[in-house]
Amino acid sequence: MSDKNVMSVESLILHYRTVRGAVRAVDGVSFALPKGKTIAVVGESGCGKTSLASAITAILPVNVERYEGSVFLEDGVDVTKMSEDERRQKIRWNVISTVFQGAMNALNPVYEVGYQVAEPLIVHKKMKKEDAMDEAKNALSLVGLPSDFLKRYPHQLSGGMKQRVMIAMALVLRPKIVILDEPTSALDVITQANIMNLLKKLKWDLNLSYIFITHDLALASELADIVAVMYAGRIVERASSEKFFTRPEHPYSQKLMQSVPTLRSKKELEYIPGAPPDLIYPPPGCRFHPRCPYAMDVCKEKVPELRELNPDHVVYCWLHQ
Amino acid sequence: MSRPSETFSLKGVFGEVVKNPAGRAGVILLVMYIVLSAIAPIVYPYNMVIENWSSSTYWRENPRLAQPIWVKYLSGINLPENIILDSRDKTNPNVLKASVSLETVEYKEILIKFKVFYDYDDFPSEIALLFFNKFNQSNPYIKVFWTRPDGRELMIYSGMQRFRETTLYVSIDESVRKALTEFVANTTQELVDYPSPEVVLFAKAEPGMWNKDRAKILKSSSFGKPQPHVVSVRVFLYEGDADVDCRLIIYGKVYGLAGTDNRRRDLTMALIWGAPIALSFGLLSSLILTLIQTFLGSVSAWYGGVIDNVIQRITEVYMVVPFISILSAIAIFYRLTIWELLLAVVILSLFGSGIKSTKVLVLQIKEEAYIEGAISYGASDLRILLLYILPRILPTLVTSIVSSVPGFVFLEAGLAVLGLGDPMLPTWGKVVSDAYSAGAAYKGLWWWAILPSILIILLSAAFVLLGYAMDKIVNPKLREL
Amino acid sequence: MGKLRIYVHLLKRGLLLFITVVVAIYATIIIVNMGGYIDEIIKSQLLEDTTNLIKRDPIYRTLTPAEQDKLIKARYESELERRGLNQPFIIRSLIYLKDAITLDLGRSLYITSNTGSRRVQTIILELLPTSVMLFTTGTVLSFIITLYLGLYLSRHRGGLLDKIVVALSPSSGIPPWLYGIVFIIIFSSYLHIFPYGGLVSVPPPNDPVLYFLDALWHMTLPLICWILSGLFLGAYGNRNYFLLFSSEDYVTVGKAKGLPESAILRRYVLRPSSSPIILGLALGLIGSWQGAIITETVFNWPGIGLLTNKALTAVDTPIIIGLAVTYGYLLAATEFILEILYSYLDPRIRVLMG
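Residue numbers (the numbering used here), protein chains in the order written: chain P, 6 to 326; chain G, 1069 to 1549; chain X, 2 to 355.
Please keep in mind that the hints were generated in silico from the structure rather than gathered at the bench.
Mixed in with the good hints, there may be bad ones.
Said to hold, decoys possible - Partner residues aside, some chain X positions facing chain P, computed with beta carbon under 7 Å:
#1 50
#2 254
#3 260
Stated by the list, open to error - Computed from the model, here is a short list of chain X residues facing chain G with C-beta under 10 Å:
#4 28
#5 170
#6 322
We put the beta carbon where it would ideally sit given N, CA and C, even for glycine.
Okay, chain P solo, but in the shape it has when bound:
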């Protein structure tokens, strides 16, 4: 892994076992995250994005069927190969933390918010409660929440406030990498804008690297340095945001761009026909072929290989072979 990368994910695989079969949520994902940059992982709901977050931190569900691949960090360690204890003590929240979706019930309802923010300090840094609560106060002010929020309970907070708490909580150990899993989904547009600004500022001030998981291309464009498009558990295109937003190469990425309204140009909004693929029995070959306007015979049979169009622009599509 090159020096400038703070994380390198290689062929990460995570399958779950369900009644109907094995869900191939993450099916061979690879990307590299340079230090201090943001990579946006974009895709429809049900493409496996959230499972990616779990896969990276190796938080495996009870019904995990298959977990393979590597997640290399700066000092060369592979998160997937570490022991659970090591991961817990050294990696999680210390090196990689996660900001969860606002719609989730992510805060423990029976503890004060301040305590939850301070908890990682008490557990990982063995701080005394008073010191940790002081730090928590600082963390809350970082995200613009006053100190009397320390004593509040989650059910007393609005969606936006909860999201800020989660951000504060994620930063309290000053991690290197923050995974942002749809951090603004359930929020109104104004709060959304505020949170995005906050995230930008924090990244700059604290020198963070973000993995920004979202379905919202427009939102991604605000933060992303690199864009990775995910479809049916796989990455189909990965490019610097400049290259991506000027000229996306994969048919799916193109369709995504066409369905987002832009302020300045007049354009016909299009939609993508068909339904998201079944992750248990995905289509053979290229998984997008049933919905792809350019599908060829080879697309139905063989999985597209990586094609590097530029040093910072790769695509997985038979159109470019």
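Fit chains G and X to the given chain P structure using the hints.
Chains G and X only, in chain P's frame:
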């Protein structure tokens, strides 16, 4: 916690229930009980049950505390069954009734002979002779002789018949015992005070023949050609049209599918009839209470405010009231029948915990958008309640009903054990209660207590299994668990 | 600020519970008195007392029997008036109510305590400890066992133990007394492992240690029945609760935070799920007081349950009322403790309840 986000059709739920192994077991058991309930009034008509369950004379000819018949096959011991011979029975070759002297206007002698081939492995439990006497003024005089298969003979009784119907309780009668004391003394030279006739008469003539633990059975088949016991009744009549008939009952130790209790009642009747009673009591209580509580909970959740407050307060009061104390007090002082008991139980449980859980459920549904939509288009409260909310809570409702049935079945049984149940009806609880008060546990009268207990347990198991299967279906989160 | 609200809330609940107890006792009094017994009892007790008083007092010995009777009658009537017993029923019932609430429980009709006293309070207090000993132990043991079993099962879902417990869960719901009858037949009558019932053997051993062990041996079978009765369903229910609560989002967050398993279990699973579990415990305790009546009867266990049965059979009304009072206060106390626990454990309930 769980959002009732799906509507179920009752048929759909039923189909799912049958697929679940627990549900299948529950349904099978339930069907068995329903069949049992249907059979009950056919085999034992209701009126007959009510009349005779408490009577003492109806069961006279059953053995007391007899075990079920199938114990014979399980234990391998050939336990005796009832042997009944009646002199009025003209077709039985083992019964002989004849006049043995000239019939004059004034004097007649009748001889009744019963032949009993006895090959069981155990002694009879009791012996009785019933006499049916027809006479005007002069009492008949009878002498009863017993000839054993080994040829030994003795006169066990002689006396005047004073009434239309008399019973000679051979097992207990003083004079019989005296005769037997003599018999034992003569046979084995042992002096015993009160030998048991049913033992002595059937025991091999050896020392210890009076002791039921040491004595050995004298079997009719132990001789080259099977020799019966012969009970001869010589009747002396002093009127021309007088007549005496006799009925010999040698009580066995097994009877029927379920044995008998201490009042000789055939327990099968109680066990079969217990099914419809338990089912109806359980289902009715459960149905009424669940419906009322669901209604109150829905109202409480829907209207909120004062109504909600009042209902919640009353519910809390109810939860602290010592239910059994008051119920017992009522039952003691007012002598309730089972339906009145049901009413009392319902009233005392009206505002129960079901209200709170329904309220929580309805509150969640109320928040949903389509309810808001319905209100905004002007739907009346009733319409919303019936059309939108009711179908959503119906599956939970039905599951509740099913799951609460066992509680009521046990409640009825428990009250019966305390002596507070319906005194007339043969419910399972009553049988267990009778068994327990008669000390069945200590005396090894297992069938009396265990058979009804098993029936109660299986009925409750049926409903628990059904409720469990339904719960899994209705509560979507549980499906994955 | 928060603390004050909690105290006020608890006070309100306490008051409400007290009112409930009053209502319950009053209901019992009304029901019991409709049989017309109470008045008769008290009146005859009074007459007996007055008669004894006069006849035994040396001062009055000089009077003739007729004069004595007149004196007795006069005293009796003035006493009736003093006690308000010559008043209409409503007022009397309120007087009984006041007596009952203040635990002035009077004397029994027939039943006496071990020391020969007929004071209802004494009789009940004598037997209360044995009930508590058996049923509190039973409920607490049952709670702990089902809690840990449920926790274990939720972590080892689908394992052998899980399948066994699920298969056996229909056996729960069977009340302890039914287990009792069946087990007594099997274990006492047939196998002779356990005694038939009672607190200690007859005659009881003299040595205190042996006495204690003897009592323990007698307590074993009822305890087994008690625990079995709630075991499988309880463990299964707990297992489901824990599974449900373990699948909550904040548990995933807790794991992502790198918290150790024990902390996650304690803070993220147990604590949020505690309210329904505590509720279950409280309901179990409350139910135990009532269900105990039959269980004690079956096992001949000398506690207030057996007393209830005896009092009901003998129609010893003062004891019946005294027991209703006792149960009422016990229930209220249990509920109150539950309230306190709730308000400590789950802040959501503080807001939602009431």
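Here is what the structure says about each hint:
{"no.": "1", "hint": "50", "verdict": "59 Å, violated"}
{"no.": "2", "hint": "254", "verdict": "5 Å, holds"}
{"no.": "3", "hint": "260", "verdict": "6 Å, holds"}
{"no.": "4", "hint": "28", "verdict": "6 Å, holds"}
{"no.": "5", "hint": "170", "verdict": "7 Å, holds"}
{"no.": "6", "hint": "322", "verdict": "9 Å, holds"}
Hint 1 from the list above is the single one not met by this structure.
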